[in-house]
Every structure is written in structure tokens, then in C-alpha cells.
Amino acid sequence: MTISVSMTVNGKTVSGDVEGRTLLVQFLREQLHLTGTHVGCDTSQCGACVVHVDGQSVKSCTILAAQANGTEVVTIEGLADGATLHPMQEAFREHHGLQCGFCTPGMLATGYDIVRRLPDADEARIRRELSGNICRCTGYHNIVKAIKAGAEKMSAA
Amino acid sequence: MYNFEYNRPASLDDALKALSSGDEVKLMAGGMTLIPTLKQRLAQPSKLVDLSGVAELKGITVEGNAVVIGAMTTHATVAASAEVAAKIPALTKLAHGIGDPQVRNRGTLGGSISNNDPAADYPAALMALGATVTTNKRQLAADDFFAGMFTTALEEDEIVLKVSFPIPEKAAYAKFAQPASRYALVGVFVAKTAGGARVAVTGAGEDGVFRVAAFEDALSKNFSAAALDGIAIPAEGLNSDIHGAADYRAHLIGVMAKRALQAAG
Amino acid sequence: MSATGIGASVRRKEDLRFLTGRGNYTDDINRPGQTHAYILRSPHAHAKIERLDISSAQAAPGVIAIFTGKDMAADALGGLPCGWQIHSRDGSPMKEPAHPPLVIDRVRHVGDQIAVVIAETLGQAKDAAELIEVDYAPLPAIAHPGKALASAAPQVWDEAPGNLCYDWVIGDEAEVDAAIKGAHHVTRIELTNNRLIPNAMEPRAAVGEYDRSTGDYTLYTTSQNPHVIRLLMGAFVLHIPEHRLRVVAPDVGGGFGSKIYHYAEEAIVTWASAKVNRPIKWTAERSESFITDAHGRDHVTTAHLAMDKDGKFLAFKVETIANMGAYLSTFAPCVPTYLYATLLAGVYTTPKVFANVKAVFTHTVPVDAYRGAGRPEATYLIERIVSQAAREMGLDQAELRRRNFIKREQFPYQTPVALVYDSGDPGGCMEKALKLADYSGFEARRKEAAARGKYRGIGFSTYVEACGIAPSAVVGSLGARAGLYECGQVRVHPTGSVTVFTGTHSHGQGHETTFAQLVSDKLGIPIENVDVVHGDTAKVPFGMGTYGSRSLAVGGVAIDRAMDKVIAKAKKIAAHLLEAAEADIVFENGEFSVAGTDRKKAFGEISLAAYVPHNYPITELEPGLEETAFFDPLNFSYPGGAHLCEVEIDPDTGVTQVINFTAVDDFGRVINPMIVEGQVHGGVAQGIGQALLEACVYDEEGQLITGSFMDYTMPRADNLVSFTLDTHNVPAPDNPLGVKGCGEVGAIGSPPAVINAVIDALSPLGITDISMPATPPKVWQAIRSARPPLAAE
Ligand SMILES: Cc1cc2nc3c(=O)[nH]c(=O)nc-3n(C[C@H](O)[C@H](O)[C@H](O)COP(=O)(O)OP(=O)(O)OC[C@H]3O[C@@H](n4cnc5c(N)ncnc54)[C@H](O)[C@@H]3O)c2cc1C
Ligand code: FES
Ligand code: FES
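Chains as they are written, first to last, in the working numbering: chain A, 1 to 157; chain B, 1 to 265; chain C, 1 to 793.
Some clues are possibly wrong.
Here are the simulated lysine to any residue pairs, SDA-like style, with alpha carbons at most 20 Å apart [to be verified]:
hint, chain 1, residue 1, chain 2, residue 2
1, B, Lys-93, A, Arg-117
2, B, Lys-93, B, Ala-80
3, C, Lys-778, B, Ala-250
4, C, Lys-13, A, Glu-90
5, C, Lys-522, C, Gly-604
6, A, Lys-145, C, Asn-719
If you anchor each label on the Cβ, the simulated ranges turn out as follows [to be verified]:
hint, chain 1, residue 1, chain 2, residue 2, range
7, C, Pro-733, A, Gly-82, 47 to 55 Å
8, C, Glu-528, A, Val-14, 32 to 40 Å
9, A, Gly-82, C, Asp-211, 33 to 41 Å
10, B, Pro-89, C, Arg-669, 50 to 58 Å
11, C, Pro-61, B, Arg-211, 50 to 58 Å
No lab work stands behind these hints, which were simulated from the structure alone. Idealized CB from N, CA, C, for every residue including glycine.
Take these sequences, add in the hints, and give me the full structure.
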């Protein structure tokens, strides 16, 4: 009972055979070997798995690979432009917005999404928009700072 | 997860056909409840029918004195809709307060009400606004649609198509989130409608969403927070868990109702 | 200070791979021919296994093998060892029940391992596990430590009557009792230090691999200390000699203590990989993490603080019951004893301290060190009782503390509970924090909040902790079954770049940057030319890993010592090349020069000469430039500080909002301020989490109620605020680098500051106690009991 899926991942067309039950995150990690997207929970709450599907941030642990058939997916591996970091990646580095790095793929995807939708978001709004992403290391202090700085960089770019 | 067959029909007819194509066929909307449930192996469908390809289930329109929202419309779409914000801003706020941005990007109105989680937000809006649910078979008043926690009047082969929300004179929703899950510990939706005041409570009741007659009577006379002074909500029939005993929830119903009324103006 | 030297906020070297998705965590590793393991776990807190039938599961599709406790016993494998032995007050050793990786016939907590299914895919392994038939005879269970000693309590172990693991004391009880009896005032407190679930964001994982051509085993695992795992698993469980066993801890997504310990799954996949002759991967699902990762805290305490009429502390008596869970985890017994009771003097001159700790078994997940380990429990107790004492004595919070602080000039300070604090300035930290937090303006803010219908409060915590773990001889005399030195190896390559090997492990702490700064600064080479290697027993000399804020204070010194050796040797080479006396060679800014001349050689020239020894003092000196040092500290290190928290409480809902959090900490010397601040942020967030949000709740039957993020409240961004941080650094004379450790202070100092703020806010209502976490219903209930509702309300 396999299904053939094909989608664009980080600009490249990819295809593969999956089971009905295969999650997008499993397809990315196990079949495409894009292990930058992480799994931190089994109740759809931590956001370590957030990727962009057709320009929207989604939890790749709560969407089937089959549902992503025909979509455009961007993972953390696709955020930088070659060797040039995306302004949001740059801001996380500059402001120490990561420690162990495990939540980072999801934080970047969400941070980038926040800035795109709400370029002028203040600290309180950024904190609310991060409600689907859990970090155990940073206390969010520097993540919030990085997203604010990333917003400035993105609008200047 | 147990394995299943995946199916993504492009029309309502095909969806209905797929739904009746065997036992244990299940509809999938945003998957935000269904997929976590499947991961825990709490359900074992043979086939999933993904409704995301059915265009006629999506969209928001204003029809006469009602805002009509397609079952497959996501929470994010509702939260961002100018029509909704203009006609029923309380609904904008409610949709914006569901889960997190990623959940709102996938989760749908139809999925939320069909699932009827006793702590979900939408059921309170449907009940308080006196909404009508349209399925492939019939139209159901919200009061008849919700039938206790995780239970609705829907039949096996029934699909929610859309929900029609009559535009109230005034309305507001106030939610006290359960701190861990962020679902409603207590959510109170108040509305001043042509037929009088309506108040619906989610999160608190052992049987899911319910209306509060005592509040409605008082508010029908005087739609203001002050009208609720002195009306105590009994704790009987309310949930108790580590996040709040029944008496706390009973108290919060009053607090959230007043906050909603203040917001409704 | 150079842009990359000591004291600079150098941006992290490790970030690039994490930011681009190129990190390499254990679950990212896939070995050729890899299979997948799923572990069948007990749904009962306590039960006898009457029948275990794996036959239908064995026949399921994709199944390669299923093993049970009997299979492990047949191979005469050992149990998971405990690394610390405590003796009771009567001299008897603690009770130390066996801990087999897979149980034989009795389960003792929800999540206990029963069988492992190895299959081609994880899905198949899970499908097959459902076919394993187990008949359980459920038995009564006990979860709450406060009830475990009761005579009627269900028993966890036959060999531990009354569920008592040990009954330990420190200090002179009679003296302390006498001081309490004669005191002007005695403040009494009863409190619970709530049980926590660490929840590092990366779930634990392990990949075991066996090479049948060599007989070598490799284990990739989410560990903070791969050498410790190799030692414990190899020597005690699987009986594999160290040279046949390699343990790799690659990128690890946070630990906070929970990844120190040797866990059953590591032993299972390593052992079974030889049985099935294929690599085996196991990765925890989060719900498994909740029921298998060692939990933290879980104390119940009663204490008395005796004072004279001026509020001078005379004596402190503490009686604590500490939950060990169902088995003794690797370092569990030392946490409520030597990491807890030895800190009960706090930052005060209390002359007499006595503590009695009873450790108990319960039918719960083992409890072990979680960020801070013992020191948060001590700090919470001390700072709660001191704040209560100030209220009872009618003294200002700051004033009572001032009267009792150990003064800067009193250091080194011998406490009555064994430790010698080498340095510190509690008063200096507090005064700075009071200014930063505008303490003098607080009453105006309280009034302003009251006008808005909110209760506002401010809470204090002035703390010291002992980290930089640890002097081996000292801990050995206290029951440790290991040394706690650290290794550092500095390999200078021919062209002058350097690889540093450290036995510590970075799982978020940024060692690749901090250690590179140390090396770049001392050897005068660009930071890009320094690489730090950790986490692989095949590469790094034996080291003890990362916990107890020891990496820089112990591991950093080892690297520093290795560099001293490198420089000493390089000076000899330079003397030869520069035709000068060794004593005249000066090493500065990466150059070896002859004192008083302009004759010099660059670092790279010397390293090249070491590896191309054509013109070389070959009869006196070996070629090559690579040195190893092991450093065993002489003392712990003692960071401390003052944390002030300001909260507002909504009386209608009981919600507590942190408004400001100010921390002024003493870290001795700071290598990378950016990284240090980051460590404090994370620790404070966990501390606020403990104080307001996080509670691990078991029901009476031993079922975990808070078994997922749906019920266990993790701090999220909108629960917290941006913190106000500063330092008040007093160099540490007992540490060769002058550093003190910073990884745990946030979690140690902050919880009492938060709770004291909540109590301060509610004190106008006469409320003097609220337990952690101060959840909205709890606060609401307290307000309601203190201020009964009006009839009309
Ligand atoms: C992390 C997280 C946080 C959340 N927080 C909240 C919250 O705060 N408040 C809240 O209200 N909800 C919350 N949710 C739930 C979310 O709103 C979901 O959107 C909702 O519960 C289900 O919607 P869905 O579209 O994803 O439906 P699905 O999960 O796809 O389906 C749910 C059920 O409805 C059935 N169904 C779906 N569509 C139809 C239809 N058209 N006709 C008939 N049956 C149908 C399905 O068969 C299934 O049984 C949260 C979810 C997550 C994962
Ligand atoms: S893995 Fe936790 S939300 Fe997806
Ligand atoms: S950086 Fe470790 S979880 Fe966020």
C-alpha cells in the first residue's frame, strides 16, 4: 500500500514512495536524509519540526507526506542562499539565539514566518507567536532578540 | 500509527463515495487532532479521506445577516479575514487564540466542531451565536449538533459543509487557557442577538460545551458585566483535574463572562 | 582584550552547523544495515509479571528478534550500576537493589522495561510489540515520598524495609537542638520541592553496533559523558573491556542532567547488536521520555531557623525526605546529601547546621540530578525560611540578609557543613541587584498595581552554590565511586593550528567556542585555527564529562595545563633555534622571543620545527608538539549572587505574571559573556518554570498524570520576560583560571525569588506560604481562603 509522492523540497523536485501513514518529517529525515528537521514530541506541541509548506509554517510531524504531495517545502537546509546565511540565521548567530540547536530549525522557520507576516511585531507579539515552539535551553530571551533583529535585517535587505 | 490507505478526492461527490467505500473510513480535515490521535494508535482507520482537495468546502462569505464559513477553512484564514473582523470580531479573536500559528495554518472549523473536543474553542461560538451547521444531509442548529464530549449529531456518512453564523449585535469571547495544552480551561462566548442574549461555555463542562441560562436571562435584560453580579455558577457537572478543580472552573466562568462582556462593550 | 580572546563575546563556532541543519544528533545517524528497536514498557506502577509470551510477536512481519530479561540474565549481564554510596547514620551502607536493564518478573514503575523488539522498521517493531502477551498481577503502589515511610505503605523492595534507602545526617543534632531551644525566635517551615521532568528537547536515543571482524562494539548515544557510559556499561553491565567498546556522544540536544546517567536502552542496543549482528537504533518518543528519563528534585522538608533578638542566625535544622524513585539512578544518592546538605549554610554565617536526609524508594521513575541537583533544593529551603524569618521578625528582606551575610573579607569561609567557600561577596551582589531592580521604588509600584486591582510583590534570593565538580579525594571519601578530574589534550599540528580534545561534553554550552578562546588567547593563534573535539571515547583521553558546572572550571583548567606543557616544550625548541638560553625565552602574542632582543620565532615556526626536526635538540627533546593534562581540582568553585523577582497577581484568576527578573551573579572570571548570559537565561527560565508552571504529578496508583506536554507545563516564550542580568565578579583563588561555573546558577537562584515574590504580593492578605508551582488555581484558592468571598460575590 505505497503511494508515490513528489514535491519540491528546497527548490529541488523530489519524489518517493511512502506509506499512507508516513509523516512529512519522516519522509524528509529518513528518505531524503534532510535530518535538519527534528522531532521533539509526539503531541504536536514542541515545534522542533516546523517547516514551510507552500509558504506557510506547519508542523511536519502532524502532516502526512501524502498531504504534502505537489507542494513546495522549505526546510532549514534550504534557508541559506548557498554559503550566505539568511538574515534570520545571521541574527540567531549574532544574538546567541541557540544553544543545543535542537529547537533551532523550528525557531528559524517560525521566526522567519513571524517577520514575513508581522514585520513590526513587538516583543509581546513575538512571544505569543512563538507559542508553538518550545526551547529548553535559551529561556527565549535571545531568541526573541534574534527575531527582532532578524526583522530589521530582513526589512533592510 | 497503524497503516491506512490515503485518498484525496477533488470533489464533494468523490469524497462522499470514498466515505462510503468501506468500514472504518475516516475523514481528515487539517489533521491537527486526527494525526496525533493516530500516532497514539487510538484509532485504526482503513482509509483516510483528505478533504483538502474539495474546493467547495473552503471560503468565507457574508450571506444576508450571516457570515458563512466553509468547513475546510483554516483557523488562520478566519483570523485574517476582513469580513469576519468587520461582522463578528469576536470570531476573529477566537480563531486567533486557537493553538499556535502552525496549528492555525492547518486546523479547520469543520474538523474542530466535528471532533467536539470539550476544551475546543469553536463550539462556544457556534452555541452562543446560534449558528447553523450545514452537512451533506441536513441543517442542524448548534444546540442540536453538539452532543456531549467528543460526540456530535453527525452520522457515519455525514460531512460538515459549512457553518452559518448569524451576525450578532455584540459578541466577545474570553478564554482562560489550560497552561500546558493551551486549549480552553474555561472559554466563555457571550452574544447579544436578535433573540436575546446567549452565553456558551467551553472547557469547563463534563459534557462539553453548554449554555448558561442564568447568565442569559440576566443579560437579556441588561447586557453588561454588572448584570452578572451575584449570579454564582454551581460547580456540579464541571470538570476537575490537575489544572483546576470544578469550583475554580465555576468561578472562572463568571470572571471570563465578565471579561467578555467588557470586551463586547 | 582581543576580539576573540578571554572576555570577548565571540560568536559561536558551532552555530553554523546548527543554523543550517547540519548538526549531527544521535537520531540523525544511520548505520548500514540498521534495524530498529521498540521497547515494551510497563503500564503498571507495580505488578508481578505472571506470564510473558512473545511467540506471536516473533512471527510478525519484519521482526528480527525479541529479547526479554531472561535472555539478558542467561548472558550473565549485570545491572545498571549506581556511582555513589551513601552510609546511614548507623554506619550501614545504603540499600542498593539490582537494576536489570530488562526486568525479570516484576515491574516497579510505569515505563519499566520488559522486552525489546528488533525489526526492520520501527513501525514493524511497534506492531509486533502489541502482540506480546503479558499477564500482570497488579500490586499496590506508592508514589509520594512523604508517604513512603508510613508503616502501611506498599513496599518497593524486600531488601529495603519501610522503603528506606538510607537515613543520613550531617552536623551535630544535639548542639543545634540546644541552640534552637535557647533562641529568641525560631522560624519553622514545611515545604515541598516539586518533582520535575527535565525534558531536554532532544529525546534520548541510542544506536548500537557490533563489528564481528574485530569484536568491537560502538554505541552512539545522547550522553553528557561518553567515557562514564563506557566505563559503567562496559565494566558493570555488559562486561566488555574498554578497548573493545567505543562510545560516541555526537551533537546532543540539551541534557540538564538527564543525559548523565547510564540508561537501560544503551545497554540493550549495544548487547543486542551482537546478537542480531546488525546495528540497532532506538529513539525515545516524548511520551517515553516522560516515563524513563530520570526526574529531578522531589523533596519534602521541615526546617527550623533559630535567631537572636537582632535576627542573627544561630542554628538551622533540616529534616528532608528525598524520593529516589524505584531504582537508584547513577548519581541519585549523592544529590540530596552532598550536593544538598553541604550547602545549607547558604551565604550566611549560621554557626550551627544539622540535616537529616531520609532517601526513600517509590514506584516512580528514578530521580537523579537535574540542573542544579541538590543546590536548588538547598537554596529554595534557605531563601524561603530566611524570607519568612524576616516577615516574622518585622525586618526588611534586605536588612535581615545584610545582618547575616558572610562578608567579603571573611572569605575563605569555613561553613559548619564541610565546605570552604574560597571567595564571594553576597552583600555586593545584593546591593547591585537592589539598585538594578529599583528596590527603593518598589512600594510605589505596589501601590500603582493595587490601584489596577493587582497584587504586586518582590522576592529575594541570595545564594551560593558549589560546582566545578569535584576534588576526587574529597568526593571519594564521601562515597563517590569515581574520580572527578578532567582531561585536556592539546595537539599542535605542524603548521601551527590546534586541535583540542576534552573529556567534557557540549550539549548547548558552547565549548567549541569558549575552549577555542582559551587556546587562541594563550597561544596567540587565530581562533579559526583551533578546533575542539569532544564526545568520542576513540578520540579523547578518559574524561568525566559535563555536569555540575564543571566544564570550564575543571576541563578548561586541564586544557590550560596542557597548553602550559606545550609552551614549556616550545620554549626549549625556540631556545635551540634562537640560540639562546631557555630561561631567556619569552612567549607573548604567539611569538617566542629572546628577552631584550628583537630575535623571535612565530608559534607556527616552532610547531613546524617540532614535526620537521632537522635543526632540533633531538638528543634532549622528542619531536612533536602534543600534550595531555589531567586536572583534579583542589576545591569546588562557588558562584553566587542575588536574584530579585517582581510579580503581579490577578486576584480574579490567580494568574501570576513575572514582570521583572533581575540577576546579579558572581562568576569569578568570564571567558565569553554572551555564552555565560545565555546559560543564566536558560537556568532562570527553568527556575521560573519550577516555581510557576512545572509539576510532575503521579496519582495514588503511581500513574503519571503529567505524561506529555499537554499536561506538563513547559515554559513558553509568552510565560517569560526579558531578564535583567549583571555580574559582580570576585575572582576564585582556588581555581587556576579564576572561574566559577555558570551553568546551573539560574536554576538554583531563581525559584525562591519567584515564590518569595508571590508570597510578598499576597502578604497583605496574611498569606505566608504557597507551594511550587504556584499555579493559578492554587493562588486563587489561597486568596479565597484568606479573603472569603462576600455573599454577593
Ligand atoms: C498543538 C495543538 C494545539 C491546539 N490548540 C487548540 C486550541 O487552543 N483550541 C482549539 O479549539 N483547538 C485546538 N487544537 C485543535 C485544532 O483546533 C484542530 O484544528 C481541531 O481540533 C481539528 O481540526 P482539523 O481540521 O485539524 O481536523 P482533523 O484532525 O482532520 O479531524 C478531526 C475530526 O473531525 C472529523 N472531520 C474533519 N472534518 C470533517 C468534516 N468536514 N465533516 C465531518 N467530520 C469531519 C475527522 O474525521 C476527525 O474525526 C489544537 C491542536 C494542536 C495540535
Ligand atoms: S515534533 Fe513536536 S511539534 Fe512536531
Ligand atoms: S537551543 Fe536547545 S532547545 Fe532551544
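Going down the list of hints, with the structure as the test:
1. Lys-93(B) to Arg-117(A): 17 Å, holds
2. Lys-93(B) to Ala-80(B): Judged against 20 Å, a Cα distance of about 10 Å means the pair holds.
3. Lys-778(C) to Ala-250(B): 15 Å, holds
4. Lys-13(C) to Glu-90(A): 13 Å, holds
5. Lys-522(C) to Gly-604(C): Distance of about 14 Å is within 20 Å: holds.
6. Lys-145(A) to Asn-719(C): 16 Å, holds
7. Pro-733(C) to Gly-82(A): 47 to 55 Å: 50 Å, holds
8. Glu-528(C) to Val-14(A): 32 to 40 Å: About 35 Å separates the Cβ atoms of Glu-528(C) and Val-14(A), which means 32 to 40 Å holds.
9. Gly-82(A) to Asp-211(C): 33 to 41 Å: 39 Å, holds
10. Pro-89(B) to Arg-669(C): 50 to 58 Å: The hinted range 50 to 58 Å holds for Pro-89(B) and Arg-669(C), with Cβ atoms some 56 Å apart.
11. Pro-61(C) to Arg-211(B): 50 to 58 Å: The hinted range 50 to 58 Å holds for Pro-61(C) and Arg-211(B), with Cβ atoms some 51 Å apart.
In summary, the structure agrees with every hint in the numbered list given earlier.
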